[in-house]
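Undergrad: Chain by chain, the residues run as shown.
Protein chains: 2
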Amino acid sequence: MKGKILVTGGTGYIGSHSTVELQNAGYEVVIIDNLSNSNIEVLDGIERITGVRPTFVQADCTDIEALRKLFQDNPGIKGIIHFAASKAVGESVQKPLLYYRNNLLSLINLLTLMPEFGVEGIVFSSSCTVYGQPDVLPVDETAPIKPALSPYGNTKQISEEIIKDTLHANAPFKSIILRYFNPIGAHPSAEIGELPNGVPQNLIPYLTQTAIGIRKELSVFGDDYNTPDGSCIRDYINVVDLAKAHVIAMNRMLEKKSPEAIEIFNLGTGRGVSVLELINAFEKATGVKVPHKIVGRREGDIEQVWANPAKANKVLGWTAETGIEDTLASAWKWQLKLRERGIM
Amino acid sequence: MKGKILVTGGTGYIGSHSTVELQNAGYEVVIIDNLSNSNIEVLDGIERITGVRPTFVQADCTDIEALRKLFQDNPGIKGIIHFAASKAVGESVQKPLLYYRNNLLSLINLLTLMPEFGVEGIVFSSSCTVYGQPDVLPVDETAPIKPALSPYGNTKQISEEIIKDTLHANAPFKSIILRYFNPIGAHPSAEIGELPNGVPQNLIPYLTQTAIGIRKELSVFGDDYNTPDGSCIRDYINVVDLAKAHVIAMNRMLEKKSPEAIEIFNLGTGRGVSVLELINAFEKATGVKVPHKIVGRREGDIEQVWANPAKANKVLGWTAETGIEDTLASAWKWQLKLRERGIM
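Chains as they are written, first to last, in the UniProt record's numbering: chain A, 1 to 344; chain B, 1 to 344.
Treat the hints as calculated values from the structure; they're not laboratory data. Glycine is no exception: its CB is placed at the ideal position from the N, C-alpha and C atoms. One thing to keep in mind: the hints can contain errors.
Listed next, the in silico DSBU-like pairs over lysine-lysine satisfying Cα-Cα at most 35 Å (straight line) [to be verified]:
hint: 1; chain 1: B; residue 1: K164; chain 2: A; residue 2: K164
hint: 2; chain 1: A; residue 1: K216; chain 2: A; residue 2: K293
hint: 3; chain 1: B; residue 1: K146; chain 2: A; residue 2: K314
hint: 4; chain 1: A; residue 1: K311; chain 2: B; residue 2: K95
Computed footprint of chain A on chain B; a stretch qualifies when at least three of its residues, placed anywhere within it, have a C-beta under 8 Å from a C-beta of chain A [unchecked claim]:
hint: 5; stretch: 23 to 30
hint: 6; stretch: 90 to 101
hint: 7; stretch: 105 to 114
hint: 8; stretch: 300 to 313
Work out the full structure: start from the sequences and follow the hints.
TA: In structure tokens, the structure reads:
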């Protein structure tokens, strides 16, 4: 065993895939999740893939006493990967206090307890949303932080500031901040994948639910952007590739290879794909048509953004390896599995 | 009685002066304070000035259940003035998590409970620190927010954002954000004043403690700034004038005179005074010499900042009335009273 890692939000989308990769790499995983936006059966999926059922604690990271008890009951946690957060942009505009409380207090609690329990490092889930609409594309980690367009986005920016200020005050641990672009797809086994509650806020689950007939039509928000086909451009990254980057980041911190107390990495493919291109790629990969229509722009959407992942490529030795069609095929396989199991 | 107001941090410096002015104006005051940086005897001073002892609850605003109990035990609170916060810039650099937790969670808790208890408005203590070094002087409320130079300053910026986002989500109350410049002086009765724990972080208590012989020498941080005499320039505002602005702001919200859900006002005199000018003015006002020496610049100090208070003058009908010498004399009278009482 390489050591014990606490994965907050570990039954969520990226959290579950990262738990699988951590266990595959020899880490022992303790998950904390309040199950507010995920399902306990995700643990079965993780166990079917890896043969190991992670330790699970149902609790909320905003509850510092519950967190303290977790550390006491699970001694020797060496690292934390902090995924637990409220993540729906639109909901954050409607319920800002929920987002500020959940996302900031969870992080503050974890950082507060780390020295007490000798935790050596924390990987934090940030987002390309901190760049807003970048002035230069592809965007690298030195690009300026733009004013947040939503309370959700603001909590990511503020969280980065809290971590930086904490490390600046000589906290006895390290941190790696990972700025994700757009994670999509599912584990190739289709044992775990993205399973949002209610109407999906993200493109791919909406797309696969449309392809399978749960949704009538996929809305493409705007075809009059200043892009080659007029639709928005994103950097879609395979969730398993993303999960593997977390393992590398954790190794790096625990093996003391990071020269700085805090490091920031973009996690993206370096390729921009438009929404219309993505639909085409899905149809090509799966042979399934996706009914879609062009509708008006959606407030708060960035026109185009994709990563310069050179720093992660070089420093972490990590590259997003999976092609877009394989990734989309994995998302479709997952959707079919959900149907097969009678879940959706 | 005009109604019941909750004053958080009401035994602190600005909180106690505002409690006096609220009571003078006919409001009933409930104070919540954790006494982490103030003394219970402040209530005696308030009572000696106004004849009324405010209701006092010793609790921490980060404890939402304690706050809920306060609202239950004191039904009918119509407005909140939220002073409670950790406020030492230097300490915030050393203990950032303490500042983020105290300052953000207190505000989030109050905003969360306001609808539940029908509270109609909240006045928030912000600071000119949000402007950083302004590009244009005097600085008005439309000036851009600059990156924070400390976790303390960051909590003020973030708090403003949290309030704005909350009101934007149609919260059923109003808010007025007051950006203070540099509050100094004491109540003319010398029954209440500024009484920091330990070595003062602010200029005036250090100056009066030096004048009375508690401190050997006042350090002036830098005389090579791009100002007429080379020392930093600030806008020093009388604390009683400042307190009166809070009463006007509360009246405005409760009488539904504010057309916007959220309003922001600078509270300053509109006059910039250098540190060396301030020392001279103190000596002139009191006849007491202040031993001082020029030392190097202090990290994070802004060169010069003073307010354009035109919006508060016009919209609130409020002006900082007290002259700098009267204000400094009140600070000295307070220092003498502390000596007389054997406190310092």
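Undergrad: For each hint given before, does the structure comply? Return the numbers of the non-compliant ones in rising order.
TA: Per hint list: 5, 8 violated.
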